[in-house]
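J.: Chain by chain, the residues:
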Amino acid sequence: MLSPRRILRSSEPYVFAAIILLSLLIQARSGQFFTGNNLVDLVRALVVPALFSIGCMMVIVSGGIDVSFTAIASLAMYVTDRILLSSDYSGNVILAYAMSAGFGLAMGALNGFLIAILRLPTLVVTLGTASLYTGLMFGAFSASASDVPPSIVQHGKETLFTAVNQQSGLTSNMPSQVLILVAVLILVFFLLRYTMLGRGIYAIGGDEAAAERAGFNVRAIKMFLYSFVGVLAGITGVARISMMAYADPSTMLGMELTVIAAVVLGGTRVTGGLGTLTGTLLGVALMTILANSLILIGVPTYWSRAFTGLVIIIGTGVTARQIGARQIGSTRRRGQSLKTRA
Amino acid sequence: MGKPESSPVARKLRGPRDQNLVRLLVMLLFVFALMTVLRPNQFATIADFNSMMRQFPEYGIMAIGISLTMITGGIDLGVVGTANLSAIVAAKFLIAAVPQGSPPAVVLPYLAVAVIFALVTGLACGAFAGILISRFNIPAILATLGTQQLFTGIAIGITNGRPQSRLPLLYSKIGNTEFFDFFPLSFVIFVVIAVSVGLLLSRARFGTSMYMLGTNPKASRYAGLNNASILLRTYMLSGLLSSVAGLIMMARANSAKADYGAPYTLQCVLIAVLGGIDPNGGFGKIAGVTLAILILQFLSSGLNMFNNISNFYRDVIWGGVLILVLVFNQLLSRRAERRAVRKGAA
Amino acid sequence: MAEPVLKVEGIVKSFGGVQALRGVSLEIGPGEIHCLAGENGSGKSTLIKVISGVHEPEAGHIELGGRRFARLSPMEAIALGVQVIYQDFSVFPNLTVMENLALNMELMDKRKLMNYRRARSIAAHAVSLIGCEIDLDERVEKLSVADRQLIAICRALLQDSKLIIMDEPTSALTKKEVKALFAVIKSLQSRGLSILFVSHKLDEVFEISERYTILRNGEKVASGGTKDLDLRTFAFHMTGREFADEIYRPAEKPGRPVLSVRDLSLAACYSKVSFDIAPGEILGITGLLGSGRTELVETLFGILKPDSGTIEMGGKRIAIRSVKQAIRKGIGYVPSDRLTEGLFLPQTIERNAIVSVLDRLSGPLGFLRRRAVAEMTRKWIAELSIATKDPSLPVRTLSGGNQQKVVLARWLANELSVLILNGPTMGVDIGSKYDIHALMRKLAAAGLAIIIVSDDLPEVLACASRIIVMREGSFVRELDPATTTESVLGELSTGVA
Numbered sequence: 001m002l003s004p005r006r007i008l009r010s011s012e013p014y015v016f017a018a019i020i021l022l023s024l025l026i027q028a029r030s031g032q033f034f035t036g037n038n039l040v041d042l043v044r045a046l047v048v049p050a051l052f053s054i055g056c057m058m059v060i061v062s063g064g065i066d067v068s069f070t071a072i073a074s075l076a077m078y079v080t081d082r083i084l085l086s087s088d089y090s091g092n093v094i095l096a097y098a099m100s101a102g103f104g105l106a107m108g109a110l111n112g113f114l115i116a117i118l119r120l121p122t123l124v125v126t127l128g129t130a131s132l133y134t135g136l137m138f139g140a141f142s143a144s145a146s147d148v149p150p151s152i153v154q155h156g157k158e159t160l161f162t163a164v165n166q167q168s169g170l171t172s173n174m175p176s177q178v179l180i181l182v183a184v185l186i187l188v189f190f191l192l193r194y195t196m197l198g199r200g201i202y203a204i205g206g207d208e209a210a211a212e213r214a215g216f217n218v219r220a221i222k223m224f225l226y227s228f229v230g231v232l233a234g235i236t237g238v239a240r241i242s243m244m245a246y247a248d249p250s251t252m253l254g255m256e257l258t259v260i261a262a263v264v265l266g267g268t269r270v271t272g273g274l275g276t277l278t279g280t281l282l283g284v285a286l287m288t289i290l291a292n293s294l295i296l297i298g299v300p301t302y303w304s305r306a307f308t309g310l311v312i313i314i315g316t317g318v319t320a321r322q323i324g325a326r327q328i329g330s331t332r333r334r335g336q337s338l339k340t341r342a
Numbered sequence: 001m002g003k004p005e006s007s008p009v010a011r012k013l014r015g016p017r018d019q020n021l022v023r024l025l026v027m028l029l030f031v032f033a034l035m036t037v038l039r040p041n042q043f044a045t046i047a048d049f050n051s052m053m054r055q056f057p058e059y060g061i062m063a064i065g066i067s068l069t070m071i072t073g074g075i076d077l078g079v080v081g082t083a084n085l086s087a088i089v090a091a092k093f094l095i096a097a098v099p100q101g102s103p104p105a106v107v108l109p110y111l112a113v114a115v116i117f118a119l120v121t122g123l124a125c126g127a128f129a130g131i132l133i134s135r136f137n138i139p140a141i142l143a144t145l146g147t148q149q150l151f152t153g154i155a156i157g158i159t160n161g162r163p164q165s166r167l168p169l170l171y172s173k174i175g176n177t178e179f180f181d182f183f184p185l186s187f188v189i190f191v192v193i194a195v196s197v198g199l200l201l202s203r204a205r206f207g208t209s210m211y212m213l214g215t216n217p218k219a220s221r222y223a224g225l226n227n228a229s230i231l232l233r234t235y236m237l238s239g240l241l242s243s244v245a246g247l248i249m250m251a252r253a254n255s256a257k258a259d260y261g262a263p264y265t266l267q268c269v270l271i272a273v274l275g276g277i278d279p280n281g282g283f284g285k286i287a288g289v290t291l292a293i294l295i296l297q298f299l300s301s302g303l304n305m306f307n308n309i310s311n312f313y314r315d316v317i318w319g320g321v322l323i324l325v326l327v328f329n330q331l332l333s334r335r336a337e338r339r340a341v342r343k344g345a346a
Numbered sequence: 001m002a003e004p005v006l007k008v009e010g011i012v013k014s015f016g017g018v019q020a021l022r023g024v025s026l027e028i029g030p031g032e033i034h035c036l037a038g039e040n041g042s043g044k045s046t047l048i049k050v051i052s053g054v055h056e057p058e059a060g061h062i063e064l065g066g067r068r069f070a071r072l073s074p075m076e077a078i079a080l081g082v083q084v085i086y087q088d089f090s091v092f093p094n095l096t097v098m099e100n101l102a103l104n105m106e107l108m109d110k111r112k113l114m115n116y117r118r119a120r121s122i123a124a125h126a127v128s129l130i131g132c133e134i135d136l137d138e139r140v141e142k143l144s145v146a147d148r149q150l151i152a153i154c155r156a157l158l159q160d161s162k163l164i165i166m167d168e169p170t171s172a173l174t175k176k177e178v179k180a181l182f183a184v185i186k187s188l189q190s191r192g193l194s195i196l197f198v199s200h201k202l203d204e205v206f207e208i209s210e211r212y213t214i215l216r217n218g219e220k221v222a223s224g225g226t227k228d229l230d231l232r233t234f235a236f237h238m239t240g241r242e243f244a245d246e247i248y249r250p251a252e253k254p255g256r257p258v259l260s261v262r263d264l265s266l267a268a269c270y271s272k273v274s275f276d277i278a279p280g281e282i283l284g285i286t287g288l289l290g291s292g293r294t295e296l297v298e299t300l301f302g303i304l305k306p307d308s309g310t311i312e313m314g315g316k317r318i319a320i321r322s323v324k325q326a327i328r329k330g331i332g333y334v335p336s337d338r339l340t341e342g343l344f345l346p347q348t349i350e351r352n353a354i355v356s357v358l359d360r361l362s363g364p365l366g367f368l369r370r371r372a373v374a375e376m377t378r379k380w381i382a383e384l385s386i387a388t389k390d391p392s393l394p395v396r397t398l399s400g401g402n403q404q405k406v407v408l409a410r411w412l413a414n415e416l417s418v419l420i421l422n423g424p425t426m427g428v429d430i431g432s433k434y435d436i437h438a439l440m441r442k443l444a445a446a447g448l449a450i451i452i453v454s455d456d457l458p459e460v461l462a463c464a465s466r467i468i469v470m471r472e473g474s475f476v477r478e479l480d481p482a483t484t485t486e487s488v489l490g491e492l493s494t495g496v497a
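Protein chains in written order, with this note's numbering: chain A, 1 to 342; chain B, 1 to 346; chain C, 1 to 497.
Don't take every hint at face value.
Ranges of calculated distance between the beta carbons of each label pair, as one might list FRET restraints [stated by the list, open to error]:
1. B:Val26 x C:Lys112: 47 to 55 Å
2. C:Gly225 x A:Phe189: 54 to 62 Å
3. B:Lys218 x A:Glu212: 54 to 62 Å
4. C:Glu58 x B:Phe49: 55 to 63 Å
5. C:Gly225 x A:Glu212: 33 to 41 Å
No lab work stands behind these hints, which were simulated from the structure alone.
Positions of the beta carbon are idealized from the N, C-alpha and C atoms, including for glycine.
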């Protein structure tokens, strides 16, 4: 399975190499990259995009594309926050997660219904529902930045450990939300690799008609997929506000496109069927390093966005080239005949 | 199984995609009537029409640009970045070159040059995206996602994020002129663009080649069409239109900023799809897109008149309507196709 | 005779008022290879879908394993031992061979979890049933078409099958691969399975099947033992028309060549190919898939660029650097894969027909002249007898043969001196096939130089005035169709003396 040729054909090594290169560059320029506190800060920064990217990757692997997950996360967390605040909730934060997950489930299920049952195109449907949900949030609920119940604040303050930077004296706390990310990663890894549901997602991304004929319940699988993405989004929303100790309904909006870029950079094929969690994580790591650490090599913050854009373009260009090479290789091989011991 | 000779109008409106136009028209009239009934003293007044005509050209023109790229099977998510960058280029030039307090006669040529700079920027941005897509085979979604970030990033970089607002007054004066005291310049520009692009698509060979490329790029190559050239020209056109939109925004706001119009991208895609542009490529008419633009504008303005209903409800309605229209379109085109297959395979 | 494995009687099926099957009956015995033949629209696909449970018949019944059914569900059909291998094989290109083989079984066993060790043993077992060596861990998208088909067959065998239905299994295979497939089919037969084989190629009907059934317009028009069948009777039953087969001879001796190719080479595709073609000639180029024949003609059309060698037209050396240039020099090309390379399926017939002459049909400002467009479309529909009432319908509403005619019209609308056709009658019903052949002869007689690339040897022999055989990139020999046979051509293509 792990022949050297196969490794070189996938994108992950290249992204990994890019990360290493970038890290070394930053370390050389500032001496601050490989410090404990910087690394912890990076991990903290990537928890939310990584959680988003997992669901996003699953959808793209199935051959679709979902741009509504940030809207779902925002609306779910906002409604949860308001409810808990207005009822003066002071209990365990688990309820907040559960409520938000529930709202996320309902919103994701709507996507699932439109896409799986009514068979509407995914990009446009999720554009529509994203519009619907943000409209509801700002319109019906007149959402604005708001406080957060104390238990959530408490949860946000929980740390796994603290990293101290000897030189600057800065300390960074590894947030306990990282555990949620790890748990989701393990769950989804198991789901995608060891369950028929997971294999079904890949099968649908490969050839939906064939999946239907093989006996996969395509509608049910897709319905699950989008609902699951909704649940993940809901959980991510609460994780976000707990880390910020503050519920601003618009902070997560606009992240969709960078998350999708990270997923694609990590080797997931836009047309579906191929994609790994490792690659996706690497893609998110790269994007996070870019967003957070450019200042350490002297790139002024004003130029970071342009830089990110350039990276997306170069990264996708390289991936596109790889796909092209793969196709030429396979068509040349089509001339070969069977190897049969008749 | 002969069909009776139908009238030219009926024949023109036969396909399910043409019926889409009729549906949009009905929807438009419905929204119009609804708003007029609910707010008779505010909606459908001259002042209101005038105000609407000043609002929609900027995103309407970008919606047309996005529609063109979608017809060729791609999408241009970088329209807003291009618009802002073009406006900022023009603004920086004007601020740097025009001495303060100059009389209009002196300023005018500078304005012309600034406009040209903006348009050239738009063409260049479009060309860049077009090359990424046609030469490097980067999928359009990703390439224009990248260019959106890149162009906005450059705009932020060269302005340090600050709005460019010390523009010569003459610019917004000209930009906000109204013909016959009623039709804003931006509206006239929109009409000219909509009509010319519409004609381009329906009557010119470039338009036909765009539709064919969007339907099947492989067959298009085998048929002798120059795919790369068509794509490049399409994205350059989209870039050009975006720069026009940017100039219009600058006239209205009397300044240029790197992050104006951020929600427009999503809106324009929705408008295009609602207007009948097939996201897979190959189909769609500017007439439909125009109707969709008007529907959105009527809704927007109408909702504005209800003080206790937030504008964000428009997004809710918009999202809901889009989904309903999608469902409807899908069901209808599937039914029409089944009928056609049975008739045609005789 | 032993009890039939499958018997259908009086099957009637309509779709929205159109009768696809009007009372069809069919019988297949155990261990029998039976060919189901018919033009497009004859009802053969519908019949297969009824037998495999995808469609419910309105009348008639199905007998499987001695039991009678008025209707079946797909699951029931599979449980009764009926397996269908569709033309696209229904494989997952992004998954490994192992997963492709094992997933169906796992799903049938209603498993929720994926056990890779179990999957591997299932896959290994499946592959051993036929005895082929394929890397189980390879992603299917990297395999050749023939290998993918093998996987589909192995997968079908995993379930206890009694009848395997194959829908046009040879349409994407080379001659060598077809031979290998037939060997596999024979081995299945020796194991007691019956095979229902859908095909419209007469040579295959003869070679592999013992009995045949021909459908036309939803009715069975003939059936019997294949040893009693000949080409004329076959063609008659398929179309209801009589055809004469003749060899094409240009009316006059060919004059100066319009196109000359000398020592043309392209690395890894073909090397040092030379030939001439004069107006009025039909040059047939044949060879297996991979012989370089397609790459050669695509070079002439500007899709590929040669490494060395010369191309001359009318005595002058030319360079063809793009498709547009090729067209301007008067070369047209009808590609082999009509559906993905030739047609814009959802677009109108009119647009499909005029797409290559947009320049000629537009005025100085680049606007199309509507009337000219309509006239041109009308003209070609009439000249080529394209069966449609309305050129503004999408071209996908036409049958395969008519679609091919639209592609032809597109080229004939140009002023061509050379027309290249690659596999022009693949997947085309026999009636349109003869129409297209007749058209080619007519065009050649009018002065066009035609190159036809095909591995359908009877077609090559019937149409061409000269034949070139290619093998593994090299020019093997030029032959005269009057003095050669299919087996000679076949041997030269494969290199087996």
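J.: Taking the Cβ atom of C:Glu58 and the Cβ atom of B:Phe49, is their distance within the range 55 to 63 Å?
T.: Given about 60 Å between the Cβ atoms, the range holds.
J.: Given the hint of 54 to 62 Å, is the C-beta distance from C:Gly225 to A:Phe189 inside that range or not?
T.: 59 Å, holds
J.: Are B:Lys218 and A:Glu212 spaced within 54 to 62 Å by their CB atoms?
T.: 26 Å, violated
J.: Assuming the hint says 47 to 55 Å, is it satisfied by the Cβ distance from B:Val26 to C:Lys112 or not?
T.: Taking Cβ atoms as reference, B:Val26 and C:Lys112 lie about 49 Å apart, which means the hint holds.
J.: Between the beta carbons of C:Gly225 and A:Glu212, is the distance compatible with 33 to 41 Å?
T.: With a Cβ separation near 38 Å, C:Gly225 and A:Glu212 satisfy 33 to 41 Å, so the hint holds.
Hint compliance for this structure: hint 3 is the single one not met.
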